[in-house]
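S.K.: These are the residues of each chain, in order.
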Amino acid sequence: MSRIRRFGIMFAFACALGGASRAADTEDLDGLRGRVVYLDFWASWCEPCRHSFPWMQRMQQGYEGRGLTIIAVNLDRERADAEAFLRKFKPDFRIRFDPEGKLAERFQVRGMPTSILIDRHGVARFTRVGFRPADEPEYARRIEDLLAEQ
Amino acid sequence: MLRYKWKLWSAIAAGCLMSAGCSSLGVKPWQRELLSRQDMQLDGSGLDDAIDDHMYFSKEASSGGRSFGGGGCGCN
Amino acid sequence: MQLGADSGSVRRKLIAASCALLGSSAARGDPGSITDQIGRLIEDWKFQSALAYYREDGRIQAIEPVISAVRDLSDGGKLAFNFTFDSLSGSSPNGALPSRLPQTFASPSARSFAAARHLYTVSPGRLPSDPDYSDARVAGGVDWTLPLSRLMRLSVGGKVSYEDDFYSATVSTAVERDFNDKNTTVSLGVSGEFDFLQPIGGAPTPLSDYALFEKGGHETKRGQALLVGLTQVMTRNWLSEINLSLDRFSGYLNDPYKIVSVLDGVGDPVSYVYENRPDSRTRRSVYLDNRVGWKRESAGLSLRYMTDTWGVHSDTAQFRLRWWTAGADQYFEPSVRWYRQSAADFYRPWIPQDGPQETYASADSRLAAFHALTYGLKYGIRLADHFGGFGREGTEFNVRLEYYQQTIQNGPAAPAALQGLDLYPSLKAVLFQIGFSY
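Protein chains in written order, with my numbering: chain A, 1 to 150; chain B, 1 to 76; chain C, 1 to 438.
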């Protein structure tokens, strides 16, 4: 069930993002096997996302070696807005674009931002809606817990 | 007086209709790019409104009616 | 209102909220130097400030600096402070009617007609106004919003205002709940106000003869208000809000400085009496607000209808249109406001000497029937992208100009001696404001 689930998630990914990027995503699927994935849905106009990006950057730098991959899916209607935001924050983690919200729809995003923590077996374990600085320690702990699992 | 009662009730009825049809109205959480803009906030021009309200309060018999949140980016 | 499954979780939430309120984000990492800490402190806050200059044609002028500071708290809540100072001076109508004869009045601080420095004379045909009116007011407020859950918020606020003849304190609280993925928000708020008045010279005995200088001490008044609101996202471009409010004031509601002319059969003033208003007033209003937006423009339309137990009904319509320039760093915002109100039941431009005994009477033009128009234009420029990226998102400089004109409806048929006099002169005022947000 877990492997099917993980395949399902990544397949949904590839489908939603369209043809041109499919080649790159096929590579992604291999790269993600056995890693903990933090899937974040964001947009340039989302105020809390401005706080979440530096935090995600710290998480990526701190835990990449131990198996964490952060994928931030942008939901801006206009690519230019997303790019202006990215120029300011210069993240090291992966960015994907979903301007029509197909992926957001599939993952049932209920608020902005939404982050989904997926364990090494591809099972979505925690979903958080919103980003509050006060929750940062707790979420870092959850990432650590999943990284510790085999 | 009757004319004014009509205005009051039709406004309340509009509100009820709004709330009745409310579950079908709206946008997805990621479609709020325009609603999050500062000039689209109901209290976006806060300081201007406060200064204006003070001016009108000293010259007219009505005041207030505003305040409260909602709308916006819908984040958090 | 369900706060949680058990009181323990409520307590935890309140503790978390207090920590968010009192804690600083500097706790996240190495504190750094003092300048770093100050810099970070300012980083957490958003400021808005404005300086407004208001001037009526031949009457009052005022200068008003305002500042507000808002901080987003780590738990998702908000803390907001605001502070206003305003200074008024000029000539303020005292409620008496123009006459074909010269009229002499005493300023509020006078105890009799003896001391000439407290007197002022008004020429025939002019609207009687106290030429040395001056007042200074300081006011401040705070508002704290704490999230009760992802979809519910509680806010608590207070404000105080201080002038040398008037002190006011208000407390308010409100609850908001979101529905439909935050497309719908329902709010409920209550507030209470207490005012303490200490009129210069003392509060006059209502309807007493002005020349008797029958003045007492201080007075108080109280207010309570209830506000119910519904905000709904209609489409990607359109947001709508409807608010119903009910408020009640009781206590001393008179203007202690306003008088009413008592005229003889011909229309010449024989005496003046201090005004009197009922000691309670209940108001109901419906307020509708709409915002519509596109990539480079936005518009707002708001309507308000108010009715009260003094017999005043009013309609307000305000429309604003904002245009962003091509670079999206500057905007122009013209606006127009139309307002109309009916007169209070006890509004009397004058009292006939031989008329019926009045319980309540006021000649204050605020209670008259009139319509008013405001035309405004605002210009703003975003500074975040200019001057080498000075400031951050939201840094803006703006300038606003408004022109307000109030046209008072003519009262009852004027007696012979008042023919040809402008008994209800229009009020014309200009507001000029500069503002800076950071």
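In short, the hints are calculated from the structure, not lab data. All C-beta atoms in this analysis are idealised placements derived from N, C-alpha and C, irrespective of residue type, glycine included. Keep in mind that a hint or two might mislead.
Claimed, not checked - To give an idea of the interface, some chain C residues facing chain B are shown, with a C-beta separation under 7 Å as derived from the structure:
(1) 180
(2) 239
(3) 413
S.K.: So, residue 239 of chain C near chain B? Judge it on the closest CB pair being under 7 Å.
M.R.: Holds, because the Cβ-Cβ distance from residue 239 of chain C to chain B comes to roughly 4 Å (cut-off 7 Å).
S.K.: Just to be careful: measuring from the Cβ of residue 413 of chain C to every Cβ in chain B, is the smallest value less than 7 Å?
M.R.: Since chain B brings no Cβ nearer than about 24 Å to residue 413 of chain C, farther than 7 Å, the hint is violated.
S.K.: Can residue 180 of chain C be said to touch chain B, with a Cβ gap under 7 Å?
M.R.: Holds, about 5 Å.
Hint 3 from the earlier list is the only one contradicted by this structure; the remaining hints agree with it.
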